[in-house]
Every structure is written in C-alpha cells, then in structure tokens.
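K.L.:
For reference, the chains in residue letters:
2 protein chains.
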Amino acid sequence: MTKQEWPAAIMTETEVVTYVKEAFGFFNKDARLVCKEIGDGNLNYVFRVHDEESKQSLIVKQAGPVSRLSDEFVVSPDRNRIETDILRLQGELAPGFVPKVYHYDRDKNCVVMEDLSDYTILRTALLNRQQFPQLAEHLSTFLVETLVSTSDLVLDHKAKKELVKSYTNPELCEITEDLVYTEPFFPHPRNDVFQGTKSFVEKEIWGDRQLALETAKLKFQFLTNAQALLHGDLHTGSIFVTSSETKVIDPEFAFYGPAGYDVGNIIANFIFAYTNSVYTSEGEEAFQHYLLDTIETLVDQFQKKFITAFQEKTTERVAHYEGFLEHYLQSVLEDAVAVVGLELCRRIIGIAKVVDITSIDDSQARSEAEIACLTLGKTFILNRSDYQTGHGIVEAIRGVGSYVSH
Amino acid sequence: MTKQEWPAAIMTETEVVTYVKEAFGFFNKDARLVCKEIGDGNLNYVFRVHDEESKQSLIVKQAGPVSRLSDEFVVSPDRNRIETDILRLQGELAPGFVPKVYHYDRDKNCVVMEDLSDYTILRTALLNRQQFPQLAEHLSTFLVETLVSTSDLVLDHKAKKELVKSYTNPELCEITEDLVYTEPFFPHPRNDVFQGTKSFVEKEIWGDRQLALETAKLKFQFLTNAQALLHGDLHTGSIFVTSSETKVIDPEFAFYGPAGYDVGNIIANFIFAYTNSVYTSEGEEAFQHYLLDTIETLVDQFQKKFITAFQEKTTERVAHYEGFLEHYLQSVLEDAVAVVGLELCRRIIGIAKVVDITSIDDSQARSEAEIACLTLGKTFILNRSDYQTGHGIVEAIRGVGSYVSH
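Protein chains in written order, with the numbering used here: chain A, 48 to 453; chain B, 48 to 453.
Hint data in this document are derived by calculation from the structure and do not stem from the laboratory.
Don't take every hint at face value.
Any copy, or any two copies together, can satisfy a pair, since identical chains are not distinguished.
Stated by the list, open to error - Subject to a maximum C-alpha distance of 25 Å in a straight line, what follows is the list of computed DSS-like cross-link-like pairs (lysine-lysine):
(1) Lys-360 with Lys-294
(2) Lys-264 with Lys-352
(3) Lys-264 with Lys-360
(4) Lys-264 with Lys-205
(5) Lys-264 with Lys-351
(6) Lys-294 with Lys-205
As the structure is a prediction and not an experimental result, all values here were calculated from the model.
Please take these sequences and the hints and turn them into a complete structure.
P.N.:
Here is the structure:
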C-alpha cells in the first residue's frame with residue numbers, strides 16, 4: 048500500500064450513486080437514486096443517497112486523509128474502520144441507540160449506514176427550544192450499557208486488553224488532549240477568546256495555578272486510564288433525535304479512557320443549551336426547567352442504572368467486595384464532573400466553539416454567558432468530588448445562572 | 048500458521064549447539080561447544096552454550112507453549128518477542144543494567160543473549176549474606192530510567208500509545224492479576240498456607256473487609272493504569288549481580304502499568320531477605336542493617352533521581368505546572384508501598400512462594416516470620432499514602448521485625 052493508493056480519493060456524488068448500486072443490493076437495480084453531500088462535520092464527507100420512489104435512503108460516509116477542522120491535525124483515515132467496529136459493538140450493547148451499519152469498505156475507506164434524515168441534531172433542536180422527554184432516559188441507558196459492559200468489571204480482562212489495542216486511537220486522542228486538556232488553560236495562540244471575556248480568562252483561568260495543576264492531573268488521567276470504551280465526542284452535535292428516538296452518532300474518537308469522560312461531555316453541552324436560553328430569551332423558564340431536569344435525571348438515572356448493570360453483569364470477583372461499587376461509581380462521577388468543567392472552559396476559550404454560545408448576538412450577554420460557564424467550569428474542576436447527585440450538579444448550575452444581570 | 052508449526056518444538060542440547068553454530072557467527076566454526084539446559088524458572092528452557100577454549104559463552108532461551116509453573120496458565124509463546132524488544136529498549140534507556148541481546152528467532156521462538164554465568168542470582172546471594180554496596184544505586188537508576196522515559200511525561204503521547212499496544216501482555220498480566228491481586232485475599236483452592244500461619248490468615252487477612260476492598264481498588268488500578276512500561280516481575284530472582292554489576296533479567300511480564308509496581312516488588316523481596324536473616328540467624332545485625340539501608344537508599348535515590356529525570360526529560364508541558372511533580376511522584380510512591388504490601392502477602396499465602404521464607408526450617412520461626420510479613424503487608428496496603436520516604440518504610444519494617452519472640 049502506498050500513499051497514492053490509500054486512502055481512496057473522495058468520491059463525487061455521481062460516483063457515490065454508482066458505488067452504492069454496485070457495491071451491494073440495498074436498492075433495486077433500476078432505482079433512480081439521488082445523492083447529495085450533506086457533511087457539516089469536521090472530519091468526513093457525508094453523502095445521502097435516496098430513492099424517491101421507494102423512499103429508501105442511506106448514508107455513505109467517506110473519510111478524507113486530513114481533518115477538515117484544520118490542516119494541523121492529520122488524522123488517520125483508519126478512523127472509519129474504528130467507527131464501523133464501534134457502531135456495531137455499541138449497537139449490540141445498547142440496541143437502537145446508534146445507526147445501523149450496512150457495509151464497510153476498507154478500500155474506498157467508507158462506511159454505508161442508516162440514514163437519519165428524519166432526525167434532528169440535538170444541538171439544533173435545543174436551540175429551537177424543542178423538548179425530548181425521554182432524552183435523559185435514553186442517554187443514561189446508552190452510557191451505562193456501553194461503559195459498564197466494556198470495562199474490566201464485566202469483560203474478561205484478556206478480551207478487554209485486546210479491545211484496548213483495537214481501539215487505540217492516537218490521532219483523535221491527541222486532538223482531545225490538546226484542545227480539551229491543554230490549550231484552553233494557558234495563552235495558546237490557537238485559543239480564540241471573545242473580547243469581553245478576555246480579562247476574566249486571563250485572571251481567573253490562566254492566572255490560577257491550582258486550576259492549572261488540576262487540569263494537568265486530569266490530562267494524565269485521560270492519557271493513562273483505560274477504564275471503558277468511550278464514545279469520546281459525546282456532545283449535542285453527536286446526537287440525533289426525534290420525538291421518541293435518540294441515536295448517538297460519530298464515534299470516531301472512540302478509545303479506552305475514563306468512563307466519566309462521556310458522561311461529563313454530554314452534561315456540559317446541556318449546560319450550553321441552558322446558557323443560551325438564559326442569556327438570549329425571556330420567559331423560557333419552562334424550557335430551562337426542562338434542561339435542568341434532563342441533567343438531573345440523566346445523572347441520577349445513570350447512577351441507578353449503573354448500579355443495576357454492575358450488580359447484574361459484573362464478572363470480576365473482587366468488584367463484589369463490600370464498598371467497591373460505591374468507590375467505583377463515585378470515582379466515575381468525580382471524573383464526569385471534572386469533564387463538565389473542562390468542556391465548559393474549552394468551548395469558551397479554545398478553538399472549537401459551540402453555536403449555543405457564539406450565536407448570542409448581544410456582546411454583553413455573550414460575555415456574561417461565557418463568564419458564567421467559565422465560573423461553573425472552574426468550580427467543577429477544582430471541587431469535582433463534591434458533586435455526587437443530579438441535584439447537586441443542577442444546584443451549582445442554577446447558582447451561577449442566577450447572577451445574570453440582564 | 049497452524050498450531051503444529053508454531054511454537055517450534057523445544058530443542059535438545061545437541062540441537063542448540065547446531066543451531067548456534069549455524070544461525071549466526073558468534074563462535075568460530077570449528078569451536079567445540081558445550082551446551083547445558085540450566086533453566087530453573089517457570090516459563091522457559093534456558094540453554095548455556097560455551098566454548099571451553101575461547102571461554103566465550105551465550106544463552107539460548109526458548110519459550111515453551113505452556114508455562115512451566117502450572118498447566119493452568121497457558122501463556123503465549125510470543126512472550127520471547129516481547130522480552131527481546133524490551134531488553135533492547137531497556138538496554139537503551141538504562142545501559143549496562145540488562146543483558147545484551149544478540150539474536151531473536153521468531154521461527155524457533157528463542158532469543159540468544161549475553162551469558163551471565165559469572166553472576167549470582169540476587170536472591171541466592173542475599174540468602175548467603177552477601178552484600179552489594181552499589182545495589183540501591185543501580186536499581187534506583189534502572190527504575191527511574193525505564194519508568195520515567197516510557198511514560199507520558201517524556202514520550203510523545205502517540206508514540207507511547209503504540210508502545211502500549213506493542214507491549215499488551217494479556218496472559219502474563221493475568222497471572223499477576225490472579226496470583227498477586229486476587230487469590231491470596233480469600234480462601235482460593237490454589238493458595239498454600241503454612242499450618243502455623245493459617246489462623247492469622249483467616250482472621251487478619253481473609254476476615255478483613257477493608258483490606259479486601261483496598262485490594263480490589265488496587266487490582267483495578269493495575270488493570271487500567273497504563274502509566275509506564277514495567278518490567279513486571281522485578282523480584283530478587285530476576286536480578287543477577289556481581290560485586291560491581293547488576294543486571295535485570297526476565298522481562299517477559301513487561302507491559303504498561305502503574306510505575307510503582309516495579310518499585311514495590313523489589314522492595315518487598317528485600318524485606319523477604321531481611322526476614323530470612325532475622326528469623327533464622329543470630330548476630331547478623333550488620334547484614335540486616337545493610338538490607339534496611341539498601342531499602343532506604345533505594346527509595347530515597349529513586350525519588351531523587353526521579354526528580355532529576357523529570358526535570359531534565361519531561362516534554363509534556365502541563366507536567367511542569369507547579370505542584371505536578373510532587374503529585375505524580377507521591378502517587379508513584381503510594382502505589383509502590385501498596386505493591387510492597389501485596390507482594391508480602393501473596394508470597395506467604397499464594398501459590399508462588401519465595402525460598403527466603405520456605406527455607407526457614409523451624410516451624411515456629413517460620414510462622415512468626417510469615418505473620419510479620421503479613422502484618423507489615425497489611426499495614427502497607429491499608430495505609431499506603433503514609434510512607435513517602437525510605438526512612439518511613441524502613442521504620443515500619445523495623446517495627447514489625449522487633450516483635451520477634453525467638
């Protein structure tokens with residue numbers, strides 16, 4: 048294999064139609080297929096192919112050799128293999144919560160999967176103030192089923208070590224190591240700090256040595272703790288929803304890391320949605336209550352289901368010793384709270400923003416929103432062992448939110 | 048490759064001579080070589096080949112498909128590849144402290160290496176009350192150079208992840224997980240408890256729930272914490288010495304784990320040598336003082352050299368944050384102290400014994416020695432964060448040793 052041969056050149060829309068027809072028999076041979084590149088992510092080209100007559104459709108996702116986020120991050124095209132494997136594994140562990148995979152093609156470096164065009168990206172839906180009553184139930188199930196079953200609690204330790212090897216993901220981990228754990232916490236040139244937030248960042252984030260030390264400890268934990276097979280990028284842009292269904296997509300950052308990472312990541316992104324509502328709109332108390340309730344239920348249901356899964360599935364004898372479950376779950380929660388804090392800070396300070404915050408038009412409101420997120424983030428990082436319930440986390444969010452001046 | 052083809056059949060002594068002559072040009076073609084199988088380990092066949100005329104010699108180490116410890120542990124013959132790679136790596140990181148590798152042969156599944164016949168196994172030498180004034184200096188250097196340089200402190204994180212993959216060692220890790228972290232702490236059928244020690248074990252070890260919980264936490268840390276590339280089996284039987292030289296051998300258990308594991312393992316085995324002296328001989332205060340001084344110097348020099356290596360070699364930016372070095376080193380020491388405790392217990396209770404203890408002929412003395420080791424081991428496991436200096440560790444050892452009744 049040479050660089051010229053692989054990865055394959057990115058297909059055109061026309062080539063995708065031909066490919067889908069020839070590669071396998073999903074559509075009728077004489078179907079009139081329409082194809083459109085709909086990717087808005089950072090790493091892949093995403094083609095939607097549909098047959099207007101039968102209404103059948105699917106997605107072809109092809110990896111380019113270079114991240115579309117920035118030429119500085121060159122990520123292995125092998126990530127599509129990882130993504131296919133992990134979608135299949137997650138589909139077994141948490142049936143119905145990930146898109147179905149129809150086909151993986153190593154030569155073309157693409158994966159053909161279920162089309163979720165009827166779904167909305169959760170981030171967008173929340174910005175449109177849509178509510179999904181089952182979201183916390185769905186996500187807590189997804190998290191528990193994927194995290195507990197891939198850990199040394201349940202898996203034979205030899206089999207788990209083979210999975211750690213298979214899902215070693217150096218390039219995409221490096222992105223997280225840099226963008227989440229490192230750059231936001233000092234004046235790195237790639238950071239992008241909003242003018243009105245700058246003096247706060249310089250004094251309260253970059254000027255806080257204790258905070259820096261805690262981020263270093265957390266970074267080393269992220270680098271070394273092969274606890275569970277993570278999604279690795281579980282924000283509201285990686286979740287597709289309908290009124291009754293939830294699908295977690297884009298697991299290309301998957302690797303073995305601290306279980307709390309996924310839990311904290313999604314909570315932080317609910318906080319961004321909440322912050323958007325608080326700092327841009329009046330009279331949305333019901334929606335804000337929904338979001339806080341979702342966070343509280345997510346944390347509490349995660350713990351409840353974790354305990355059940357632990358009790359039902361744990362095969363490791365020593366994990367049944369008195370006190371171990373409490374110790375284990377407490378440390379997962381502590382890690383999760385720390386990641387809430389890291390994510391809250393890095394999306395404000397670092398290069399990769401969230402539209403929940405950048406779309407706040409009023410400069411004053413945006414700075415206040417950002418400072419609220421940073422204040423909360425810092426608290427969660429520094430005092431990460433103090434939040435062991437959904438109620439405690441939600442009270443902390445409310446506490447910061449309440450100092451809004453507008 | 049089929050099972051029949053690989054691993055290769057174990058060679059006879061005659062076949063080894065032919066192999067060595069033909070495989071590569073270490074000896075003269077017409078040299079009259081003598082070969083003898085000298086293995087007394089558990090996992091390999093070890094042939095010494097020497098030329099009586101030139102006095103040149105070497106070792107051929109061939110892996111059998113099944114551990115010689117017990118048919119219950121089937122370990123991959125691939126361990127010789129791991130051993131070769133790691134000896135070469137350790138030889139680069141800590142020059143002079145491991146045997147030279149001349150040749151690795153995947154088909155024959157053997158490695159040809161420096162003959163250390165002029166050396167003595169450290170365990171035997173200590174039982175003969177020999178002293179090695181530079182031992183603590185040598186071992187602290189070996190530990191620091193191999194552990195710091197393979198960690199995320201120094202290595203590029205992507206390169207480190209590739210090493211984690213290469214040195215994934217499921218079967219030999221399983222042996223440690225079972226024999227060190229699990230079986231000794233409950234009445235497992237494979238345990239082998241000396242009659243006079245049994246009631247102490249039942250009450251103070253198997254009857255202590257807090258101890259059980261701490262061993263479970265430590266087992267999960269061993270299962271998940273890919274901190275540094277360990278030797279993995281660093282007891283006094285894995286160290287060869289002369290009056291001026293120290294060679295660490297048999298790294299076939301090597302894998303990425305908690306750095307404190309190697310440190311604690313060797314300290315515990317010095318304690319066994321100390322215990323042997325205390326419980327079998329009178330008037331050996333000088334030798335006992337030497338052993339305690341070796342432990343104290345080993346711990347203190349490990350810390351001192353660790354700090355120097357950290358300061359000189361660390362490439363990870365966040366590790367330079369104020370307080371991080373102290374945090375990191377403290378946690379390595381804490382892990383080391385816990386492993387001292389685990390090793391002290393498992394060699395008394397579990398299947399794999401040390402001759403330092405089993406050779407104590409007087410039953411009463413042996414029980415007292417064993418109970419002293421278990422008492423100390425339990426203290427170290429339960430209070431592992433309380434011992435951060437060589438002096439503190441040695442005082443604890445002395446404290447238990449002093450209640451000897453004979």
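K.L.:
Take the hints in turn and mark each one as holding or not.
P.N.:
Here's how the hints hold up against the structure:
For the homomeric pair Lys-360 and Lys-294, the shortest alpha-carbon distance inside one copy (24 Å) is at most 25 Å, but the shortest distance between copies (45 Å) is not. When the C-alpha separation of Lys-264 and Lys-352 is checked against a cutoff of 25 Å, the pair qualifies only between copies, where the shortest distance is 21 Å, while the shortest distance within a copy is 29 Å. Within a single copy, Lys-264 and Lys-360 get their C-alpha atoms only as close as 31 Å, which misses the 25 Å cut-off; across copies the closest is 18 Å, which meets it. In this homomeric assembly, Lys-264 and Lys-205 come within 25 Å of each other (Cα to Cα) only across copies, at 19 Å, whereas the closest approach inside a single copy is 28 Å.
For the homomeric pair Lys-264 and Lys-351, the shortest alpha-carbon distance between copies (21 Å) is at most 25 Å, but the shortest distance inside one copy (28 Å) is not. Neither within a single protomer nor between protomers do Lys-294 and Lys-205 lie at most 25 Å apart by alpha-carbon distance, with minima of 30 Å and 30 Å respectively.
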